[in-house]
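Student: Listed below, chain by chain, are the residues.
Number of protein chains: 2
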Amino acid sequence: MPEISNRGKQMPESPIRKLAPFAEMAKKKGHKVYHLNIGQPDIKSPEAAIKAIKNIDLTIIEYGPSAGYESYRKKLAQFYTNQDVKVSFEDIMITTGGSEALLFALGSIMDQGDEIIIPEPFYANYSAFSAESGATVVPVNSVFESGFTLPPIEEFEKLITPKTKAILICNPSNPTGYLYSESEILQLGRLAKQYDLFLIADEVYREFIYDEDIHYSVMNLEGLEQNVIMIDSVSKRYSMCGARIGCMVTKNKEVISAAMKFAQARLCPPTIEQIACEAAIDTPQSYFDEVITEYKERRDTLISELNKIEGVIVTKPKAAFYCIAQLPVDNTDDFAQWLLESYDLNGETVMVAPAAGFYSTPGMGLNQVRIAYVLKKEDLISAVRILKEAIPVYNSTRLKKLIEVE
Amino acid sequence: MPEISNRGKQMPESPIRKLAPFAEMAKKKGHKVYHLNIGQPDIKSPEAAIKAIKNIDLTIIEYGPSAGYESYRKKLAQFYTNQDVKVSFEDIMITTGGSEALLFALGSIMDQGDEIIIPEPFYANYSAFSAESGATVVPVNSVFESGFTLPPIEEFEKLITPKTKAILICNPSNPTGYLYSESEILQLGRLAKQYDLFLIADEVYREFIYDEDIHYSVMNLEGLEQNVIMIDSVSKRYSMCGARIGCMVTKNKEVISAAMKFAQARLCPPTIEQIACEAAIDTPQSYFDEVITEYKERRDTLISELNKIEGVIVTKPKAAFYCIAQLPVDNTDDFAQWLLESYDLNGETVMVAPAAGFYSTPGMGLNQVRIAYVLKKEDLISAVRILKEAIPVYNSTRLKKLIEVE
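As they're listed, the protein sequences go chains E and R. The opening residue of the first sequence carries number 1 in UniProt numbering; numbering runs sequentially from there. The opening residue of the second sequence carries number 1 in UniProt numbering; numbering runs sequentially from there.
If we strip away everything but chain E, and leave its shape as in the complex, we get (with noise of 0.2 Å):
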């Protein structure tokens, strides 16, 4: 039997989905799970975009162009130029999702052995991306306990060696609804453009910022538009997860080039679900008032259920729809799995996201989990009630266990 590759075996799992045959039992046993695991949000997509796929004028589905349909790239420029991100069309890429706009940008810019430094935890899938472009993931440790602000930037110098191709970050971030302050991101672009690296920003919840913060771009760095490259989605803006429609932004057209190769050799991102993401670009800011205020209403009432909890420690996120919540518990692979396939309260239970899959550095984020609070505002409350219920009986079950090994 011929033998799979060495990517093959070393690609990573991913550490969520390889609880999902646990959520699979335990719904087979009539268990209602709670999903605080995905960042699948419940909100409806615009309307614009549904009556659009309804209303298709098609009768053959054909190819569209590589980088995607050009009125939609030009409706796209437009968008971010409104939000004071001014780029051309020419700039922006159509991909088949953010993933494929990473990947993209990763095989342009990254050979065999060079390093990518990521703010750790980062988006599980990015050690995915880097082990498929060969490159190597180098963490730099964001602390749970100053509420994952940027790491000081000599901690990001440090580890810049001669294989430096890219420093990464998510922004707002997942997991951690973290917003980079525009100071932070200045500092970032300084590091840039003093070691010729490029800047990645994967912004993807840029619309999802709940106070008065304010989102900056890497694309208003001046004088780094040669390094920066932004990824972008309409998954999270528009609840279109399973349209799998991105883009990946940049003002450098040697990027460009590279990239258009890797999208030719694709042919093209998928033709419908492009028609209804060009439709939902005329989404009325109602859409996004009423979910942000919707989003925001879910955090508070995250944060305040977590908050009594006994032992659990929790920063109010700034953007996105993720926390990343210390559990006084000692492993929580162990505790997700066994909420699953061992406890319920009155039938129902609970699906998080242990953390140490957006860890890099083997051991960290081992008492933290990662919460996506993209249910309704009474699920949240039912689920950290599961939650608050399970921990004591899992520590008590855990240290019986212990006992009895002793």
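Hints are not guaranteed to be accurate.
Simulated pairs of lysine-lysine, DSS-like, Cα-Cα distance not exceeding 25 Å [claimed, not checked]:
1. LYS163(R) - LYS9(E)
2. LYS251(R) - LYS9(E)
3. LYS74(R) - LYS28(E)
4. LYS9(E) - LYS193(R)
5. LYS75(E) - LYS253(E)
6. LYS54(R) - LYS51(E)
7. LYS253(E) - LYS18(R)
8. LYS253(R) - LYS9(E)
None of these hints come from the bench; they were simulated from the model. As the structure is a prediction and not an experimental result, all values here were calculated from the model.
Got chain E; can you put chain R on it based on the hints?
Tutor: Quick look at chain R alone, frame taken from chain E:
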């Protein structure tokens, strides 16, 4: 300014898409361009698929499962089983186009520097996907004069090194239109078994067979269950190139689990298009009968028209919707550009795909073009008439230029 990657520099450009700007220019001059260069059929997508899109019953376009919807995978397994390719849904992973299926397959089995043997001429993007995966393409020449039959198996054997991991074929073949016989597939199977290689078959044209020949899938190779990987797509079957829905099929569980990690990283294939493809499975046989009849007539028309041109040599293709024709010109790259840039017959011209782009060996195929017969018969007749008139004009222009230079 930071440098892009060597991989980005070395990624081959699409040999066809690089002519696109010249076609644009011709159109801007008001010329009609007959596209003999592309694989985008003008056949309508099945009504069931379009209807499923129009009747979509979703308010949120959500993430689907990473391996694709189980309901779709099950229907697809039944679809293949009806074609005597006996697979279970667990052997099938839905991908974003056949392109992604091949990327997942290569990523799962090839490491940097590993070698893959491919009979040339081959689908140009195989080079791109290999470059993306760090794999080295080792071409084995299939001969124009013999109608592109399988090269003698000893030619493959000679090329096997300790780095050889796989053989890749396209069956039926884009760009040659050749259909491998059962005996040829059996030979490849024995070789793969003997040297413990993967045997990948891109079978996306499996339905398009025009005479009495029968398609023999690699999935039916007995004892090769752990070696074979089939690549498929709905692009051609249902004339849904823009849907970007394909699949990877294999009974090798290690390959499936490695590919699953690639699949999880990119989350899922597009939701709407997948629903359309599931509906398309019920497309009645009459749809295919009509399509095949139409293509058969187009093929016969094209070949008989081409044979009327002095100096053109072409073998009647058995399958798919391409043929490779040898033209009485020195360099079809130059000729194809000239057709768009400097020639028209009553305001009309033709775009062909220079065949050199389908060879990995430099200097091969310089006087060949790939012609796709995806246009109506009357358009094929007009297009070939233009070719016929253009060739002597081109040759005398080139001769004049040569004399001027001397």
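Student: Each hint: holds or not?
Tutor: Against the structure, the hints:
1. As the CA atoms of LYS163(R) and LYS9(E) are separated by approximately 18 Å, the hinted pair is consistent with the 25 Å bound.
2. Note on LYS251(R) and LYS9(E): the hinted pairing holds, with a Cα-Cα distance of about 18 Å set against a maximum of 25 Å.
3. Restraint check for LYS74(R) and LYS28(E): satisfied, since their Cα atoms lie roughly 20 Å apart, inside the 25 Å limit.
4. Between LYS9(E) and LYS193(R) the alpha-carbon distance is near 22 Å, which keeps this suggested pair within the 25 Å criterion.
5. A threshold of 25 Å between alpha carbons decides the hint, and for LYS75(E) with LYS253(E) the separation of about 20 Å falls inside it, so the pair holds.
6. About 9 Å separates the Cα atoms of LYS54(R) and LYS51(E), which keeps this hinted pair within 25 Å; it holds.
7. Taken as a hint, the LYS253(E) and LYS18(R) pair is honoured in the structure, with Cα atoms around 17 Å apart against an allowance of 25 Å.
8. At most 25 Å may separate the alpha-carbon atoms for a hinted pair to count; LYS253(R) and LYS9(E) meet this at roughly 13 Å.
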